[in-house]
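Grab the two chains, each in its own frame, and use the hints to assemble them into the complex.
Keeping their order, the protein sequence lines are chains A and B. Residues in the first sequence are numbered from 162 upward in steps of one, following this note's numbering. Residues in the second sequence are numbered from 67 upward in steps of one, following this note's numbering.
It should be emphasised that the hints constitute simulated quantities derived from the structure, not laboratory data. The C-beta atom is built at its ideal place from N, Cα and C for all residues, glycine as well. Be aware that one or more of the hints could be misleading.
Quick list of in silico lysine to aspartate or glutamate cross-link-like pairs, EDC-like style, CA-CA up to 20 Å [as the list claims (entries may be wrong)]:
#1 A:K184 with B:E422
#2 A:K184 with B:E326
#3 A:K486 with B:E229
#4 A:K585 with B:E341
#5 A:K486 with B:D269
#6 A:K171 with B:E422
Across the chosen pairs, the derived CB separations fall in these ranges [unchecked claim]:
#7 B:A200 with A:V530: 33 to 43 Å
#8 A:V530 with B:A344: 32 to 42 Å
#9 B:L271 with A:S485: 30 to 40 Å
#10 B:A344 with A:E534: 32 to 42 Å
#11 B:F234 with A:F587: 24 to 34 Å
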Amino acid sequence: MSEQPGRSVKEAVARGIAARYRKERLFRALGLGALLIGLGFLAFFFYTLIGNGYTALGQTRILLDVDLAEEVIDPEGARDPEILAAADYQRLVREALNRLFPDVTARAQLRELYSMVSPGAGFELRERVRDDPSVIGTTHSLWLLADDDVDVIVKGHVDRALPQDQRRTSDQELEWLAALEAQDRVDIQLNRYFFTAGASTDPELAGIWSATVGSFFMLLVTLTLAFPLGVATAIYLEEFASRNRWTDLIEVNINNLAAVPSIVYGLLGLAVFINAFGLPRSAPLVGGLVLSLMTLPVIIIASRAALTAVPPSIREAALGVGASKMQMVLHHVLPLAMPGMLTGTIIGMARALGESAPLLMIGMVAFIVDIPESPLDPSTALPVQVYLWADSPERAFVERTSAAILVLLVFLLVMNATAILLRKRFERRY
Amino acid sequence: MASSTLLIAIAALAILGYYVGRRRAIAVAVGTSVRAFHSLPGYHGGYVALWCALPVVALVALWVVVEPTLLRSAVLDGLPPEMQELPSQQLGLVYNDIRNVVEGNIAATNADSVIAAAAERYSALRTTSRNLLAAAVLVLGLTGLGWAFYRVRPDFRARNRVERTIEFLFIGASMVAILTTVGIFLSVLFEAVRFFQQVSPLDFLFGLTWSPQTAIRADQVGSSGAFGAVPLFTGTLLISGIAMFVAVPVGLMSAIYLAEYANARVRSYAKPLLEVLAGIPTVVYGYFAALTVGPFLRGFGESIGLTVASESALGAGLVMGIMIIPFVSSLSDDVITAVPQALRDGSYGLGATRSETIRNVVLPAALPGIVGAVLLAVSRAIGETMIVVMAAGLAANLTANPFEAVTTVTVQIVTQLVGDQEFDSPRTLVAFALGLVLFVVTLVLNVIALHVVRRYREQYE
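Isolated chain B (complex conformation) (with noise of 0.2 Å):
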């Protein structure tokens, strides 16, 4: 809470300063020449504003990351001697003891008399290091309000400054969405990469046995754990591939139907009523699959004498086709409309039929951009996650039986992290490798699906 408290103080800060610039300018122009003001009285309140926040933030950004730093040094450094002689790691959890004790976690009856008294030392300490911080915002920001106050003039190019510093605010703004691509590359191929020291990157991605359970006792059996990721990828291939079978004909024929046959009204009226199947939650397809289509195709499997495992690869990829078809056809009803009236006008003027001409002219025409469709649509396949958590299960299976169950990459990310975690082992760091690959397959898949429609796109323009 204390924080909301800072930063209702620093917005207080900064329109105070917006009033008394724009007043003072409003006095200054009053005493001298209103035209031989460069700038609005505003643009020097926001200049005065942005004298009173932008260094006090930074202030806080800065404390907010030293400030642990130097309270667990001091903390520590008032142990007993014997404690401070421990290995690093079990330092660590005397700290965290610590920590919990003030955060009320655990009551501090129960710490021993060292514990509580490092946690009396930490609560003064934060108190002391908050006040601080309280005192030199205060101070900071009163100082950068004096400073700009003084620079309110007639000649000062307050609009400027303004001005500029917004821009700075903007390429700020813009450089969040590298620093997410960044972000999640370097998280995922560091803990990968610790993944990799203790399993081999080649017994990964070609071992064809996959049993991450790691045994607690070093002498049972499997204890090592198998690391093998095959059975996933080839799980991951069958459903997106089982999805792809529903979804790309029944998606490119409706967006063939909507586009050359449907008139205005029906697509008018179709067109969005498909797209809400994109806009449904895959949750909700999740439950579907594995509470009505499972059961069902169960059923239908045994009334004609096939075995149909409950949770099957069918049941999850015909789910998500069924998902998948708005992408495919919105995508594909785009292309096709994009083909240029003369090519259909001069199949038709040589006696073609429609269906004729769509075949054969429209198309092939449109191919590029369906396929980059279809690629868009598989890397949204093999990324699913909770119709595949909910009805593909776990058994990782080496099989290209789509009656049989089988697991998925997203499925095992999802069953290493929920849970309890220890970073160290490689069960939970299996998770992050599993993710670099699918990151990386499908930025590859969006990479040549947006340069194949892209450069699709300049053809006809």
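Chain A on its own, in the form it takes in the complex (with noise of 0.2 Å):
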């Protein structure tokens, strides 16, 4: 009888345990499942945009005999490098297709004809002819940029298959690109524009440089500002403050800074350094204001934690030996939690990069197309410029955009490995 209770007991266990071993085992997998979920969405992030931006650093040329006839670039023969860069190249071109293809008459045909060669084929030429004069009068063999509707069908992006109405070259067109591959004349290059032009309306010809340029004169600003403001704060909390209210008022705020939306940061931008200070808008001076106070608390709170780090036997042997404090610091702590403030502004300037809602408030989403010369210069910045293409109808804009968010991404990369490096080789344990 005594034995009874605890059997059944023991039976009532017995009976759940398969039970509760199948929902050990159901929690277990849905939480490998989660875990896979989060990892998954990573892989197709980058599957997506490799897949779809590695064909924007190739780009689609022509071969067309370009005769540089003088009697069009310059008929006077004076050579004079003005009436030289104002010759009408494009009619150069134009004068090639018709030899390729002299049964097309129709002006409206001729119109379809010569669209099939991008506008920068003109700008090509002059450069050409402005570099070396002598070319003048010579008939040349050259791979002239093709037109971005061109440029997709050839990378296959848009389906020559498709009914006419819902693609934006006609049939004609690709009759007369077939011809032209035929005879070898059709081949995808390096498409240089990308990496070194500013915006443009033409997908072939636009490119992310002027954007690049204008994030490092942003993060160039943001550096300057940021870090020395950052790091002389964590020393004066870390090491000289005394905890009063006045310190605990800053902390807090600090603490709260690191979360408010960084759209608000824009905001601010705007009302104090645009409307009340008269910055110029567009420029990366303000872009690279508003990023530094964004990036100030992450860079305070990581120089504070490197400084804790520093154990406190190195600042009572410091002392002990007649340093004052100052001197404590300034020697003996600071290069040690240097790595680590390093580290955190790295982190900081990474996020910086790649913040855009503040900078649309500022007026960074102008058009540029001249690379900037200046922190004052109009510019826009990388992720902007991602934005600006995602919102562009072209369909070459879209691998375009995927590219930019590649090259982005390698430089977030690069920053962070630096990161992760610094830390890795200068961590000390003591």
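Below is the structure:
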């Protein structure tokens, strides 16, 4: 009788155990599934980006026999650079196309034919003549830039079998393209504009360089402002300030600033830097100011962590041999904390590089063709360029958007990898 | 460019001061006993350099603030009397014209003769002012240098002075954080108050219609514009809600798996990889939401007979949820790992399985921390901008249907402020009122979250 309840409990447990183990496995599978969902999205992102983006490295070009006729470029033969620069080079391209397709004569058809070559082809001819005026009057076989509508067809982004009203190229153009391909006059070559040009309405002439330079100037401003300020604040709070209401207030402030939505910083930049101080709109200087206020809390928090990691024995030793407090901090604690501070700074800068919302507020969504030369020139930033391109309707911008994102991600990867290396290399265990 | 020359000149002056002071200290020390010197030569150098640079920097800052006002009044005084009698707003326009001519934004040939003459006066005055400033900088810097130079004596406590100054610089730097908060709050508040002078706060907070575009002519339909922000608030909540619906289960379960089940190897790879999701710029998520997820959802909806807007709340919310996963998972992971092992061991000792231990012991113990993590994630979702700007659209629908397009607070801030702005119309100012709401809400959420997290931490320490 005394064993009976014990046995029944045992039996009850044994009966339930299979169900409990099943639940256990289910729970574990759920956890693994959640993790895989997260990682799966990451993989999907990179797969899509690389799949969409790598084709932007190439650009379709068409081989044309261009007669650099003197009567078009420089009728007076004076070789005056101004006249050479102003000549109608696109006409040379048109004539080259005419020679290839002599039976096309109707005006509308001619316009279609001419639209297969990018307006950038003329610029390329101009550059060639400017670099070497002696080519005038000779005929060259040149790979000229194709229009983006042709480009997407050649790369296979737009199916040739689609009905005509669903693509931007006509059946006639496809026929010409096929004729050109039959003569081996169509090829995909390295897309140098993508890395060297600024914004353009023609996708084949658009590039990320001006946005990259704008981002660089912005980060430069951010670094010169946020790093010294952040480190100085961290040193003050960690080493000098006595704990009182005032320092508590500063601390609470810093923690809250780290979580303020970035767009609010944009409002601050607009109201204070642009409206009150009268700084120019669209300038990397203003962008850098806004981003440094945004990055400051990140740097301060990381720097404080780096300072607390320095053991008190180092401070005591310095004080013990007669260093003043400032000497103890500047000569001994700061050098030891510096790698940690730099790591935090790089991570903060990486975040600043990827930020775009506040830049929209201060007018950095401009259409910038020229490469900015100083932090005061109007410019845009890499993530903003991505935003602008993502909004563009042309199919050829899809691959460029993905490629620009990849470039941005490479920058971020390099910065974060540097931070991790720095931490690994200088990490000390006391 | 002139300002950078000035900066270089000040830096050069300071460096000169440093070397002069240091050499002077060494020279004096050689003449007397070295041991009698209180401070090292470098500190004397630093002291002289500070005396060179700090007064000059203060002077330049003052000049930058005062110069435009003085220039303006001087130039406007020179205008013919009939122009001076213009109302102040028109006078401001005239002054802008003058400045534009000087900056070369308007060709001087197109401007009329009065403006051109004023522009000439302006640039002449500005040149004089710059020259004066350069001279003043030089004089003040050299005076400071000379004064500090004669204070280099063995018993002079240069180190203490220099260290005090550096400490004040540190204190000044820490003020920037406070100034930023105050600056954000005041600038947003100031513009928001201007908005509330034109539109009542009650209409703004509780109005149900949002159509901020004011007509150009007063007699057009809807000329007043409607600034009821409730559709924006519900839109924001809807999208954030969808995002949390994705992020909380996925993030929490990943954190549980990583903290309780995964071995060290898996953990060391999976955790940083998951955190990469937080490092991807938000504009990239926006691109995905707009170009991949949006069309996919619409196609999927069509195939099962649902009408899904191409800019649906669902698409934006899903993608935002993915972005937020690491915020939930890494904070939850921290709090779950912080639960003492003794609690788990006690539970195992009573015969509980792992999942039972997690559900009945670990999670309740970690709950405050998890709640804090979720609150932080919510504030992140509410303030997120790029994803919704690119994927959520502008239609201010008052709806709870995730398949429809909604708009959010952040989208409307961006929309009202991108492009040409007029800073006296409620159309532009409403962005600041929305910004104020956003700032206050996220601030409150953060304060609560930090408070909850902190209280929880104290429990086990």
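Here is how each hint holds up against the structure:
1. Restraint check for K184 (chain A) and E422 (chain B): the C-alpha separation of about 9 Å stays at or below 20 Å, so the hint holds.
2. Restraint check for K184 (chain A) and E326 (chain B): satisfied, since their Cα atoms lie roughly 16 Å apart, inside the 20 Å limit.
3. Between K486 (chain A) and E229 (chain B) the CA atoms are separated by roughly 9 Å; this keeps the pair inside 20 Å, and the hint holds.
4. Between K585 (chain A) and E341 (chain B), the direct Cα distance comes to roughly 18 Å. Compliance with the 20 Å bound is thereby established for this hinted pair.
5. Between K486 (chain A) and D269 (chain B), the direct Cα distance comes to roughly 58 Å. Violation of the 20 Å bound is thereby established for this hinted pair.
6. For the hint pairing K171 (chain A) with E422 (chain B), the CA-to-CA distance comes to about 19 Å; that is within 20 Å, so the pair holds.
7. Between A200 (chain B) and V530 (chain A), the C-beta spacing of about 36 Å keeps the proposed range 33 to 43 Å intact.
8. Between V530 (chain A) and A344 (chain B) the C-beta distance comes to about 34 Å, which sits within the given range of 32 to 42 Å.
9. The hint said 30 to 40 Å for the Cβ distance between L271 (chain B) and S485 (chain A), and at roughly 56 Å that hint is violated.
10. Range check, A344 (chain B) to E534 (chain A): about 35 Å between beta-carbon atoms, so the 32 to 42 Å window is met.
11. Our hint of 24 to 34 Å for F234 (chain B) and F587 (chain A) holds, since their Cβ atoms are close to 30 Å apart.
Hints 5 and 9 from the earlier list are contradicted by this structure; the remaining hints agree with it.
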